[in-house]
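Chemist: If you want the building blocks of each chain, they are given just below.
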Amino acid sequence: MATSEITLELVDRLVEKFPETVKNKYLDWHTLIVRREDIVELCEMLKSDGEFEFNFLTDLSGVDYLEYMEVVYHLYSYELQHKLCLKVRVKPDDLLVPSVTSLWSTADWHEREAYDLFGIVFEGHPNLKRILCAEDFPGHAFRKDFPLENDEEYLLRDEKTAEDYGISEDLPS
Amino acid sequence: MQNILFYIIAVIMLVACWRVATTKNLIHTVLAAFIVLMSTAAIFFMLNAEFLGVVQILIYAGAITIMVLFVVMLTTAGPRYEVTHDKKIKPSMYLSTIVVFATLVFLVSNIQWPMGTTVLQLEDVTETLATKIFLEYLLPFEIASILLLVALVGAVVLARKE
Amino acid sequence: MNDVIFMVLRGLIALAIGLVNVIIYLYVERKVFADIHVRLGPMRVGKHGILQPIADALKLLLKEDIIPSKADRMLFVLAPVIVFAPSIMIYMVIPLTDNVVANDLNIGIFYIFGVLTIVPIGVLIAGWASYSKYSLLGGLRAAAQQISYEIPLLLSVLGVIMITGSMDLRTIVGQQSGSLVSIGNIGIIPNWFIFLQPLGFIIYFITLLADQFRVPFDIPEAESELVQGYQTEYSSMKFGFLQLAEYSNVLVLSAVGVLLFFGGWNGPVLPPIVWFFIKVWIGILVVTWIRMTLPRVRVDQLMTFGWKLLLPLTLANIALTGFLQLYFA
Amino acid sequence: MPDLRTETLRVNFGPQHPSTHGVLYLIVDLDGEIIVNVEPVIGYLHRGMEKIFEFRNYSQCIAIMDRSDYMSAFFNEMAFIYPVEELMEVDVPKRGEYLRVIMMELNRIASHLLFYGAYGMDLGAVTPFLYCWREREKVMDLFEIAAGYRLHPNYFRVGGVKEDVTDEFLEGTMQFVKELPTWLEEYETLLSYNEIFNLRTRNVGKMTKEWAINLGVTGPVLRATGIRWDLRKTDPYSAYDDFDFDIPVGTHGDCFDAYRIRVLEMLQSARIIEQALNNLPGGPVRAKTKLNVSPPKGEAYARIESPRGELACYIVSDGTQKPYRAKVRAPSFVNLMAVPPLLKGHLIADAIALFGIFEPVMGEVDR
Chain A
64 MATSEITLEL VDRLVEKFPE TVKNKYLDWH TLIVRREDIV ELCEMLKSDG EFEFNFLTDL
124 SGVDYLEYME VVYHLYSYEL QHKLCLKVRV KPDDLLVPSV TSLWSTADWH EREAYDLFGI
184 VFEGHPNLKR ILCAEDFPGH AFRKDFPLEN DEEYLLRDEK TAEDYGISED LPS
Chain B
15 MQNILFYIIA VIMLVACWRV ATTKNLIHTV LAAFIVLMST AAIFFMLNAE FLGVVQILIY
75 AGAITIMVLF VVMLTTAGPR YEVTHDKKIK PSMYLSTIVV FATLVFLVSN IQWPMGTTVL
135 QLEDVTETLA TKIFLEYLLP FEIASILLLV ALVGAVVLAR KE
Chain C
4 MNDVIFMVLR GLIALAIGLV NVIIYLYVER KVFADIHVRL GPMRVGKHGI LQPIADALKL
64 LLKEDIIPSK ADRMLFVLAP VIVFAPSIMI YMVIPLTDNV VANDLNIGIF YIFGVLTIVP
124 IGVLIAGWAS YSKYSLLGGL RAAAQQISYE IPLLLSVLGV IMITGSMDLR TIVGQQSGSL
184 VSIGNIGIIP NWFIFLQPLG FIIYFITLLA DQFRVPFDIP EAESELVQGY QTEYSSMKFG
244 FLQLAEYSNV LVLSAVGVLL FFGGWNGPVL PPIVWFFIKV WIGILVVTWI RMTLPRVRVD
304 QLMTFGWKLL LPLTLANIAL TGFLQLYFA
Chain D
4 MPDLRTETLR VNFGPQHPST HGVLYLIVDL DGEIIVNVEP VIGYLHRGME KIFEFRNYSQ
64 CIAIMDRSDY MSAFFNEMAF IYPVEELMEV DVPKRGEYLR VIMMELNRIA SHLLFYGAYG
124 MDLGAVTPFL YCWREREKVM DLFEIAAGYR LHPNYFRVGG VKEDVTDEFL EGTMQFVKEL
184 PTWLEEYETL LSYNEIFNLR TRNVGKMTKE WAINLGVTGP VLRATGIRWD LRKTDPYSAY
244 DDFDFDIPVG THGDCFDAYR IRVLEMLQSA RIIEQALNNL PGGPVRAKTK LNVSPPKGEA
304 YARIESPRGE LACYIVSDGT QKPYRAKVRA PSFVNLMAVP PLLKGHLIAD AIALFGIFEP
364 VMGEVDR
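Chains as they are written, first to last, in my numbering: chain A, 64 to 236; chain B, 15 to 176; chain C, 4 to 332; chain D, 4 to 370.
Some hints could be false.
To be verified - Derived SDA-like pairs: lysine to any residue, alpha-carbon spacing no greater than 25 Å straight-line:
hint: 1; chain 1: C; residue 1: K311; chain 2: D; residue 2: N206
hint: 2; chain 1: B; residue 1: K146; chain 2: C; residue 2: K136
hint: 3; chain 1: D; residue 1: K212; chain 2: A; residue 2: R206
hint: 4; chain 1: C; residue 1: K136; chain 2: D; residue 2: E42
hint: 5; chain 1: C; residue 1: K311; chain 2: D; residue 2: N201
hint: 6; chain 1: D; residue 1: K54; chain 2: A; residue 2: N118
hint: 7; chain 1: D; residue 1: K347; chain 2: C; residue 2: D303
hint: 8; chain 1: C; residue 1: K311; chain 2: B; residue 2: V25
hint: 9; chain 1: B; residue 1: K146; chain 2: C; residue 2: G168
hint: 10; chain 1: D; residue 1: K209; chain 2: A; residue 2: L211
hint: 11; chain 1: C; residue 1: K34; chain 2: D; residue 2: E171
hint: 12; chain 1: D; residue 1: K325; chain 2: A; residue 2: Y128
hint: 13; chain 1: C; residue 1: K136; chain 2: B; residue 2: L163
hint: 14; chain 1: D; residue 1: K165; chain 2: D; residue 2: D245
hint: 15; chain 1: C; residue 1: K311; chain 2: B; residue 2: A165
hint: 16; chain 1: D; residue 1: K54; chain 2: D; residue 2: V41
hint: 17; chain 1: D; residue 1: K325; chain 2: A; residue 2: N118
What the hints assert, rightly or not - Simulated DEER-style distance windows between Cβ atoms:
hint: 18; chain 1: C; residue 1: L318; chain 2: B; residue 2: V85; range: 26 to 34 Å
hint: 19; chain 1: C; residue 1: G177; chain 2: D; residue 2: I37; range: 47 to 55 Å
hint: 20; chain 1: B; residue 1: F148; chain 2: C; residue 2: K311; range: 22 to 30 Å
hint: 21; chain 1: A; residue 1: L159; chain 2: D; residue 2: K236; range: 39 to 47 Å
hint: 22; chain 1: B; residue 1: A24; chain 2: C; residue 2: V11; range: 19 to 27 Å
hint: 23; chain 1: C; residue 1: G187; chain 2: B; residue 2: N62; range: 18 to 26 Å
hint: 24; chain 1: A; residue 1: I96; chain 2: D; residue 2: A290; range: 32 to 40 Å
hint: 25; chain 1: C; residue 1: V84; chain 2: B; residue 2: N62; range: 47 to 55 Å
hint: 26; chain 1: C; residue 1: V48; chain 2: D; residue 2: I148; range: 21 to 29 Å
hint: 27; chain 1: C; residue 1: S238; chain 2: D; residue 2: A66; range: 38 to 46 Å
hint: 28; chain 1: A; residue 1: G113; chain 2: D; residue 2: D244; range: 26 to 34 Å
hint: 29; chain 1: A; residue 1: P210; chain 2: D; residue 2: I37; range: 27 to 35 Å
hint: 30; chain 1: D; residue 1: R13; chain 2: C; residue 2: G177; range: 38 to 46 Å
hint: 31; chain 1: C; residue 1: V48; chain 2: D; residue 2: T192; range: 56 to 64 Å
Unchecked claim - Footprint (simulated), chain D over chain A, 3 or more residues, beta carbon under 8 Å:
hint: 32; stretch: 72-84
hint: 33; stretch: 87-96
hint: 34; stretch: 106-112
hint: 35; stretch: 127-139
hint: 36; stretch: 161-174
Rather than coming from a laboratory, the hints here were simulated on the basis of the structure.
Here a beta-carbon is modelled for each residue, glycine too, at the ideal position from N, C-alpha and C.
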């Protein structure tokens, strides 16, 4: 009963529904590159539709490709035993991605980690603040352009933070 | 020897009493009261009333002090809570103290105390007490215990209401 | 005047005997732990680490004495004394044999439990004075636990007092000489009160563990929850006193248990004082063994156990003893 | 009396505390003994491991990966190597795979033994801890014989394992596996069959399937809720297809189930090792790969079942000798996230039992 990749038909169905998405594949993972506007709606469908039933978000990671940032979602279904990979690409000057914490609670810390290390801001996250680094840590450590030596110019660089998007870093209560 | 010991205890007791009235920190007050109660027990011991002395320690010094400590710790705002005396109350406080003290002095010096001639044996004290309570005054004793039980239940009911 | 000197001397000797036993207890406990864990335990100080308790005491004495800056200094210093004093007071009335006792008190057993009620006050104050949340929680837990377990502790002993009609420890032990069941002249079962008061003894033993925070009732010091409970902020010899008090109280309660339920110094062949100490040490070893075997109960389970099970049981025990007394006597 | 009220007490639980398994720091709000709110503060052990990977070649990364979950190093190595091998399409020799399985299962036993001891310790039983430590020492000795190191073995390589094992190792392992059930039986008398332990763990912290899946909980805790999900069976990797073993699952989803599952897993691990030792094939232990591993351009995601749950690695390769990006999906990190919502309303004493069951290793949480 090994997990299998999701069937191509289902992927095509998704692409039909969300025409902006790009179909892709690496190894045995069908990948969809999704527009960030679609991600929540798509995930909602993936989670609740009986044909997909992706109830388990196993991983959410950020990757810095310099010209764009990528948020990679790896999804599994305990019921149907299939898997799917989603990607959202955002430009480095506008790192706003809708949060999926409302669908999978497990996205909470994953998104916080991606925010902490890459500076990707997740819109709608209940408690978006740094998790691994100290709260006054300058910059985002896992970006490719993060200086390994003390580069004051970089550290003083003006950056968009969560607050610029109107998201408070404080605890809700 | 007995006298020296008595005066030492008496002085400790008086100082502790004075501290009870004047200390601002509630926990210190409770502790001073504890010392007073313990010295009372010591005086009981000196009077050969060992049973009473132990009862004093068990109930007053032990149980009641603990209860007061619990109440103080659980209800006051923060561990460094201090009592502030209201200026208006002060004169009346002194007045009532003086009145009570004067009354006591008057009574103690004027009443004809029956001077016991026989020294009770230690065994007798406990035994006599037991016979008195459980044979002679059984009914009042039981009534008192029921009264306490009612009070206990009432307190629980009141506390549970919220 | 000679009387006074003699009295003081007797007190000092009782104190010395008690403290020497506590020191031995410290060593024995570590060695027994090590044995149960299949390891060696202290081996370096003296042969087989025999001087380890002394080294420990010296270490505690030489350590820096830290008082937290926000602590209530007076109470912080006073609390270990309040905790430790009762056990010294109890040493004075425990008879080692029929004629070896520092101060013969004919309400000895009542006195012992009366004095023990002072301990929670010290514990509570220690927790409060440290100005630490762990200490405060630990202190409150400890005091609550001791108060609720002192009631069954006292009541469990009442059965024995009802049988003997005396609160004098020497009289109680005296009534336990001879044998309960014997074939010819050879006694099979000694006339100990454990056979007359089995329930009383079981409750006494459980409440002893709870009253002195021994495993499985070591909730106030539960290190995985409250670090060291009310002892968290204590260091140096003040910590030593708190520890000493606990060990000393276990010793005292073990001795009281032996006097009440195991015939005290009664026993064949060996001199009485040897018998007494053998029994006391068996009690201590059992406590140590339990400490290494069981996990810890939860605080609400402890309270439920104490109030809903032990207390009714002790009351039933007293009632039963009373009826039997009436029926047989 | 308007002032008369009880206040919640804010307690700083850690980073230095006897029972937080490392440098976990919890801000706990207490109402008496009941937990009102918990906020974990992590990152005290953050070493930027994933960033370091980007500046090391693949072989060096394996050594660093050992330090992630320092209680189960072999799993970390496997988790890192697995996607790389997928990417390079390496055919690992059978003997190499079998040795990996033996090492991983030994490691699982060692890790679970540590859990067993530490959990007993959390609940106040001191003795099981020292007993388990003794058995764990034997496993560590076996690791030393095989790999030369005890805690951070650095034994797996892309394409197999570092070197073949000696007969001493094989005999020692066989003996260890044969003895294990007897020891476990003995240890279980100390905890599993103990009334107090049962009182403390049964019906404490009940978890439902939906809750566990939604929060991404994996490993023994997930299985305790009744989901038969073990990647060794559901998504077999390495040589796990060749062995016959069972997946213990719980029924209640409470602390006791999660605890007991680990005990049963140790026995299953012993079974696997025994089978592997009996059928150990000959031949090389390592495929012929270039010394400087450089996978083709692309990405790979692979996951394995570590003692703590689903351990996965997402690797993006740009064709050079260093990974472009390596992200570790650490089970402790995800499981730890599930604890605070679970703790609310429990007693502090239960909090310890609950934290113990998730067994977070801070090296892995913070990476």
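Chemist: All the hints need checking, so say for each whether the structure fits it.
Modeler: Outcome of the hint check:
Between K311(C) and N206(D), the direct Cα distance comes to roughly 21 Å. Compliance with the 25 Å bound is thereby established for this hinted pair. Restraint check for K146(B) and K136(C): the C-alpha separation of about 49 Å exceeds 25 Å, so the hint is violated. With a C-alpha separation of about 37 Å, the suggested pairing of K212(D) with R206(A) is violated against the 25 Å cut-off. About 17 Å separates the Cα atoms of K136(C) and E42(D), which keeps this hinted pair within 25 Å; it holds.
About 20 Å separates the Cα atoms of K311(C) and N201(D), which keeps this hinted pair within 25 Å; it holds. Of the supplied pair hints, the one linking K54(D) and N118(A) is violated, its CA atoms being roughly 30 Å apart against a limit of 25 Å. At most 25 Å may separate the alpha-carbon atoms for a hinted pair to count; K347(D) and D303(C) meet this at roughly 17 Å. Under the criterion of a C-alpha separation no larger than 25 Å, the hint pairing K311(C) with V25(B) is inconsistent with the structure, at around 45 Å.
Distance check on the hinted pair: K146(B) and G168(C) sit about 16 Å apart at the alpha-carbon level, within 25 Å; holds. In summary, the hint linking K209(D) to L211(A) is not supported, as the alpha carbons are separated by about 46 Å, beyond the 25 Å threshold. A C-alpha spacing of about 36 Å is found between K34(C) and E171(D), which places the hinted pair above 25 Å, so the restraint is violated. With a C-alpha separation of about 15 Å, the suggested pairing of K325(D) with Y128(A) holds against the 25 Å cut-off.
Pair hint K136(C) plus L163(B) does not hold up; C-alpha atoms about 35 Å apart against a cutoff of 25 Å. Note on K165(D) and D245(D): the hinted pairing holds, with a Cα-Cα distance of about 22 Å set against a maximum of 25 Å. The hinted pair formed by K311(C) and A165(B) meets the criterion: a straight-line CA distance of about 21 Å does not exceed 25 Å. Of the supplied pair hints, the one linking K54(D) and V41(D) is violated, its CA atoms being roughly 30 Å apart against a limit of 25 Å.
A C-alpha spacing of about 34 Å is found between K325(D) and N118(A), which places the hinted pair above 25 Å, so the restraint is violated. Separated by about 27 Å at the C-beta atoms, L318(C) and V85(B) satisfy the suggested range of 26 to 34 Å. At roughly 52 Å, the beta-carbon separation of G177(C) and I37(D) lies within the given 47 to 55 Å, and the hint holds. A hinted range of 22 to 30 Å holds for the C-beta pair F148(B) and K311(C), which are about 29 Å apart.
Range check, L159(A) to K236(D): Cβ separation about 41 Å, and the 39 to 47 Å hint holds. Checking the proposed 19 to 27 Å range against A24(B) and V11(C) shows it holds: the Cβ atoms sit about 22 Å from each other. Taking the beta carbon of each, G187(C) and N62(B) are about 47 Å apart, not inside 18 to 26 Å as hinted. The given range of 32 to 40 Å is respected by I96(A) and A290(D), whose C-beta atoms sit roughly 34 Å from each other.
At roughly 28 Å, the beta-carbon separation of V84(C) and N62(B) lies outside the given 47 to 55 Å, and the hint is violated. Checking the proposed 21 to 29 Å range against V48(C) and I148(D) shows it is violated: the Cβ atoms sit about 36 Å from each other. Taken as a hint, the range 38 to 46 Å holds for the pair S238(C) and A66(D), whose Cβ atoms sit roughly 42 Å apart. Against the hinted window of 26 to 34 Å, the Cβ-Cβ separation of G113(A) and D244(D) comes to about 30 Å, which satisfies the hint.
In this structure, P210(A) and I37(D) break the distance hint of 27 to 35 Å, their C-beta atoms being roughly 48 Å apart. In this structure the hint that R13(D) and G177(C) lie 38 to 46 Å apart at CB is violated, the actual value being about 58 Å. A C-beta distance of roughly 35 Å is found between V48(C) and T192(D), which places it outside the suggested range of 56 to 64 Å. As drawn, the stretch 72-84 of chain A meets chain D at 0 residues by the rule of a beta-carbon pair under 8 Å; below three, the given contact is violated.
With 3 residues carrying a beta carbon less than 8 Å from a beta carbon of chain D, the stretch 87-96 of chain A meets the three-residue requirement, and the given coverage holds. Counting residues of the stretch 106-112 of chain A whose CB falls under 8 Å from any CB of chain D gives 0; the rule of at least 3 is not met. For the stretch 127-139 of chain A, the assignment as covered by chain D holds, since 3 residues bring a beta-carbon within under 8 Å of that chain's beta-carbons and 3 suffice. Note: the stretch 161-174 of chain A has 6 residues with beta-carbon separation from chain D under 8 Å; the three-residue rule is met and the coverage holds.
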